[in-house]
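Asker: For the record, the sequence lines run as chains B and R.
Per my numbering, the first sequence starts with residue 1, numbered consecutively.
Per my numbering, the second sequence starts with residue 1, numbered consecutively.
It is worth saying that the hints were derived from the structure and are not from the lab.
The reader is advised that the hints may include incorrect statements.
What the hints assert, rightly or not - Think about it this way: if two alpha-carbon atoms lie no more than 20 Å apart in a straight line, the pair counts; the simulated PhoX-like pairs of lysine-lysine are:
hint : chain 1 : residue 1 : chain 2 : residue 2
1    : B       : Lys74     : R       : Lys60
2    : B       : Lys242    : R       : Lys135
3    : B       : Lys81     : R       : Lys9
4    : R       : Lys109    : B       : Lys6
5    : R       : Lys114    : B       : Lys74
6    : B       : Lys6      : R       : Lys112
7    : B       : Lys74     : R       : Lys112
8    : B       : Lys240    : R       : Lys50
9    : B       : Lys2      : R       : Lys79
10   : R       : Lys69     : B       : Lys70
11   : B       : Lys242    : R       : Lys112
12   : R       : Lys59     : B       : Lys74
13   : R       : Lys60     : B       : Lys81
14   : B       : Lys70     : R       : Lys112
15   : B       : Lys81     : R       : Lys59
16   : B       : Lys74     : R       : Lys12
17   : R       : Lys59     : B       : Lys242
18   : B       : Lys6      : R       : Lys79
19   : B       : Lys439    : B       : Lys420
20   : B       : Lys74     : R       : Lys79
21   : R       : Lys9      : R       : Lys193
22   : B       : Lys240    : R       : Lys12
23   : B       : Lys74     : R       : Lys50
24   : B       : Lys70     : R       : Lys114
25   : R       : Lys12     : R       : Lys191
26   : R       : Lys115    : B       : Lys70
27   : R       : Lys50     : B       : Lys81
The primary structure of each chain is shown beneath.
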Amino acid sequence: MKRFLKLFYLEMMINIRTLIYYILIMPLIFYTFFSIKDGLGDITASAYVVQILIVGTMIVGYQICTREEKDECKGILLISKCRMEMVNARALAAIVFNVIFSLIVLLVIVIFYCVGVKEKWLINEVIMYWFIYFFLVAIISTLIGQIIGNIINSKLSYLLIIFISVAIGALGKEFLELFGTTLHISLFKKISGYISVGQYDAFEKINYLYGLEIESKRLFHRLLYIALLVIILKIVMCIKQKCNVSECIKQIAVSGIVCIIAFMLFSNPTFCRKTGHMEEEGKYLTKSVDMCVDVRKKLNVSVKEQIEILEDTNLIEMTLYHNLKVSSIVGEKENIDYEQNGDFITVKFNKVAKKGEVKTINIEYSGLSSQYFFAGEKATYLPGNFAWIPVPGKKMVFKEGPGFVVLNQIENNEVDYTVKYKSYHKVFSNLNYENGVLKGKSKCGVTLISGNMEEDKINGVHIYFTLNNKIRYKNLASKILDIYDKCEEILQLKCDTINNIYVVPTDNNVFGRYGAKTMILDDTIITGAFEVAEGEDDYLLNEILVAILSKQNFGDLDSEAQNDILEQFTIAVKEQDREKIESVISKYDIEVK
Amino acid sequence: MKIENITKKYGKKTVLDNISFCFENGIYGILGPNGAGKTTLMKCIIGLEKYDGKIEGIKKEDIGYLPQKFSMFRQLTVKEAMIYICMMKGADENSIDDILKKVNLLEEKEKKIKKLSGGMLRRLGIAQAVVGNPKILIVDEPTVGLDPKERIRFRNLLAQISNDRIVLISSHIVEDIESIANNIIIMSEGKFKTSGSLGEVLSLLKGKVGQLQVDKNEVSKYSEKIVTDVNYQGSKAVIHLVGDELPKCELIEPSLEDAYFYLCKE
Chain B
1 MKRFLKLFYL EMMINIRTLI YYILIMPLIF YTFFSIKDGL GDITASAYVV QILIVGTMIV
61 GYQICTREEK DECKGILLIS KCRMEMVNAR ALAAIVFNVI FSLIVLLVIV IFYCVGVKEK
121 WLINEVIMYW FIYFFLVAII STLIGQIIGN IINSKLSYLL IIFISVAIGA LGKEFLELFG
181 TTLHISLFKK ISGYISVGQY DAFEKINYLY GLEIESKRLF HRLLYIALLV IILKIVMCIK
241 QKCNVSECIK QIAVSGIVCI IAFMLFSNPT FCRKTGHMEE EGKYLTKSVD MCVDVRKKLN
301 VSVKEQIEIL EDTNLIEMTL YHNLKVSSIV GEKENIDYEQ NGDFITVKFN KVAKKGEVKT
361 INIEYSGLSS QYFFAGEKAT YLPGNFAWIP VPGKKMVFKE GPGFVVLNQI ENNEVDYTVK
421 YKSYHKVFSN LNYENGVLKG KSKCGVTLIS GNMEEDKING VHIYFTLNNK IRYKNLASKI
481 LDIYDKCEEI LQLKCDTINN IYVVPTDNNV FGRYGAKTMI LDDTIITGAF EVAEGEDDYL
541 LNEILVAILS KQNFGDLDSE AQNDILEQFT IAVKEQDREK IESVISKYDI EVK
Chain R
1 MKIENITKKY GKKTVLDNIS FCFENGIYGI LGPNGAGKTT LMKCIIGLEK YDGKIEGIKK
61 EDIGYLPQKF SMFRQLTVKE AMIYICMMKG ADENSIDDIL KKVNLLEEKE KKIKKLSGGM
121 LRRLGIAQAV VGNPKILIVD EPTVGLDPKE RIRFRNLLAQ ISNDRIVLIS SHIVEDIESI
181 ANNIIIMSEG KFKTSGSLGE VLSLLKGKVG QLQVDKNEVS KYSEKIVTDV NYQGSKAVIH
241 LVGDELPKCE LIEPSLEDAY FYLCKE
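Excised from the complex, chain B in its bound form (with noise of 0.2 Å):
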């Protein structure tokens, strides 16, 4: 271990005195500054800075793995003993260096993050997207360019290596077509969706059958990536070293130990979620729900619900999101076994429970958020209709809409709820904050927002916002009273009045229709529209129905006919004009509450 480590620090010393690679530095900051230049969030448009790091390292790891050649000390290196140790020493080396270029993207991430707006929210972000998008993107160059110097040491290695890199880069989809058509090879589209590393879309090939969850989809895909060309980085080193089949064995063994050891330690894979489309209502009520929550690591849920059966049975289904990995299921005076599937439970009693029995069960679970609803001790973002409270019966937590995945409206009964929580913040929820919990009842479940946050009332409603909301936040609330007390009038709605708003960011698609980022739960409005709100009514005006008619069958509707319904009771509103409401209601045979 002495020796390797001593290798690799050789090695080390190779690279950063090589100042040639020093060149890749200049266009990754340039493009990394010119991709966020407008905002932190701009850099999921960074596709130049990642093809700039995926041509770079995947040619400094091929010159790194082809040196010995170059500076004419192949004879001598060849016939030492300890050969191997240094390939993988030099191996390593190649890795940890190029993976600097990627710490100089995150470097000057941080340095806009300081100068700039400091939210905490989205610094999180950037940083789980630079992870997936340029760290492990540039292992994976690096190790192409190193299985091509094992097998190819000309100048025309150079070559493949563009065209390699252009493939799995940002451009690799259109290219991979294109090539793929010239010469009438279907198979070259096939493969571009598996191998992409520099380009993603969430509805195209393995994305999509992973499933929703797409950072924890795209960290396993990457990690997979690695895996496979670790194995066969291995593969060619062995046979380029002459090492015998043993030693060859050993040295996969060694590597497929740690890819899974990597595995085990970052990547969460839940491509298993597959709730198919069917819903099936449960066998029982939530009557009440004691929680504790601790939120300052991840989530941690210790429930203790009570609920009444509504038939004669002994089993009962709910559904849990399922990231969220149950620990132990427990009633109050009996055993119970239970199996987690997916985002189903399936809870057995040791006896057949009556119909009109209260029972006890305490449920403790634990685990990762998904992109879009999660908890941290940096921020947590848990509205009340995602479940990540067991809800009865068989429920799909995301609904596929016509080409867009959205969170689906589940509600309950009207249920009590009593909520103690540990946060290193604030939390800010639909329930009432009283004497140090949380208490209350609510159809919509439980909402839990925190983070970098503010509060502030007017005219009794509570808003509450991020800081980058600061200045807006007043206004677009106003805004969205006036315009939801227009709908309710035109529409005549029998909601409950808003006592809440939360002005927080939220990705298109997951609360209603394509792009709309605004939902209704009891009381509470949750919107992110307020990027391009300011000064388009319409636009809020759309969110607001939007997040009215998601209550409905719309989001089962196609895209046509959810533009038709829109653009109508736009008009209807603005012109106050009921009728029209009335021929598209008949029309489309949707009802509004």
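Guided by the hints, dock chain R onto chain B, whose structure is given.
Answerer: Leaving out everything else, chain R in the frame of chain B:
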């Protein structure tokens, strides 16, 4: 080290032709023209080339090798390069200073390799070759590209480090081999033409080397096959002759150069 029936072919061309030899401790100078197969033989012994035949009595780690074209990673210092080699050979790095002292590079140990002169680089080559105190030292064309002063220095260095080991030096420079080697092998067309001590090699040429003074115009009458040197002195010329059938001339003591000419002529 014993080599038996070593044959190496590149396509149809036979580069080493059924060579057998037994090496014991001492310095062996392999002398031969370019293309004789010297480097290929060395690469076979080291294990860098595949071959037919058998090589016994050595392990890979017993060999120190200085190739004809030598360099190390240019970004490293002399000391770092030596540490690198120590790690590669599994040798003790405490011996580095001693080795560098021997090759007179101790003062340059913090210098980057890219800043070393040609002579220094060859000395570093020897230093890396002796790391781990190998039983066999193989040095391929060690003095190519060195100025006369560096050549003498390098020859002395080789002589110093040759104790208790087999040292194989290949060269086409007769003077180098003559001054260092105590065993000489003359190689041509993939074969060992002769081997032995300098005296033994020269005894083959007894009565086959002579010199003759002739008119300057008559030099061309003598076949190029036997004339190795012509020295013009006014209207006269002294020609140096090597061959089995010499014209009437004054017989003189042969030199290694004569043996090389005699055995390696086409």
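Asker: Now tell me if each hint is right for this structure.
Answerer: Hints versus structure:
no.: 1; hint: B/Lys74 / R/Lys60; in the structure: holds, 15 Å
no.: 2; hint: B/Lys242 / R/Lys135; in the structure: violated, 24 Å
no.: 3; hint: B/Lys81 / R/Lys9; in the structure: violated, 27 Å
no.: 4; hint: R/Lys109 / B/Lys6; in the structure: holds, 18 Å
no.: 5; hint: R/Lys114 / B/Lys74; in the structure: holds, 17 Å
no.: 6; hint: B/Lys6 / R/Lys112; in the structure: holds, 18 Å
no.: 7; hint: B/Lys74 / R/Lys112; in the structure: holds, 19 Å
no.: 8; hint: B/Lys240 / R/Lys50; in the structure: holds, 15 Å
no.: 9; hint: B/Lys2 / R/Lys79; in the structure: holds, 18 Å
no.: 10; hint: R/Lys69 / B/Lys70; in the structure: holds, 12 Å
no.: 11; hint: B/Lys242 / R/Lys112; in the structure: violated, 32 Å
no.: 12; hint: R/Lys59 / B/Lys74; in the structure: holds, 19 Å
no.: 13; hint: R/Lys60 / B/Lys81; in the structure: holds, 7 Å
no.: 14; hint: B/Lys70 / R/Lys112; in the structure: holds, 17 Å
no.: 15; hint: B/Lys81 / R/Lys59; in the structure: holds, 10 Å
no.: 16; hint: B/Lys74 / R/Lys12; in the structure: violated, 27 Å
no.: 17; hint: R/Lys59 / B/Lys242; in the structure: holds, 16 Å
no.: 18; hint: B/Lys6 / R/Lys79; in the structure: holds, 13 Å
no.: 19; hint: B/Lys439 / B/Lys420; in the structure: holds, 9 Å
no.: 20; hint: B/Lys74 / R/Lys79; in the structure: holds, 19 Å
no.: 21; hint: R/Lys9 / R/Lys193; in the structure: holds, 19 Å
no.: 22; hint: B/Lys240 / R/Lys12; in the structure: violated, 26 Å
no.: 23; hint: B/Lys74 / R/Lys50; in the structure: holds, 17 Å
no.: 24; hint: B/Lys70 / R/Lys114; in the structure: holds, 13 Å
no.: 25; hint: R/Lys12 / R/Lys191; in the structure: holds, 16 Å
no.: 26; hint: R/Lys115 / B/Lys70; in the structure: holds, 17 Å
no.: 27; hint: R/Lys50 / B/Lys81; in the structure: holds, 18 Å
Comparing the model with each numbered hint stated earlier shows that hints 2, 3, 11, 16 and 22 do not hold.
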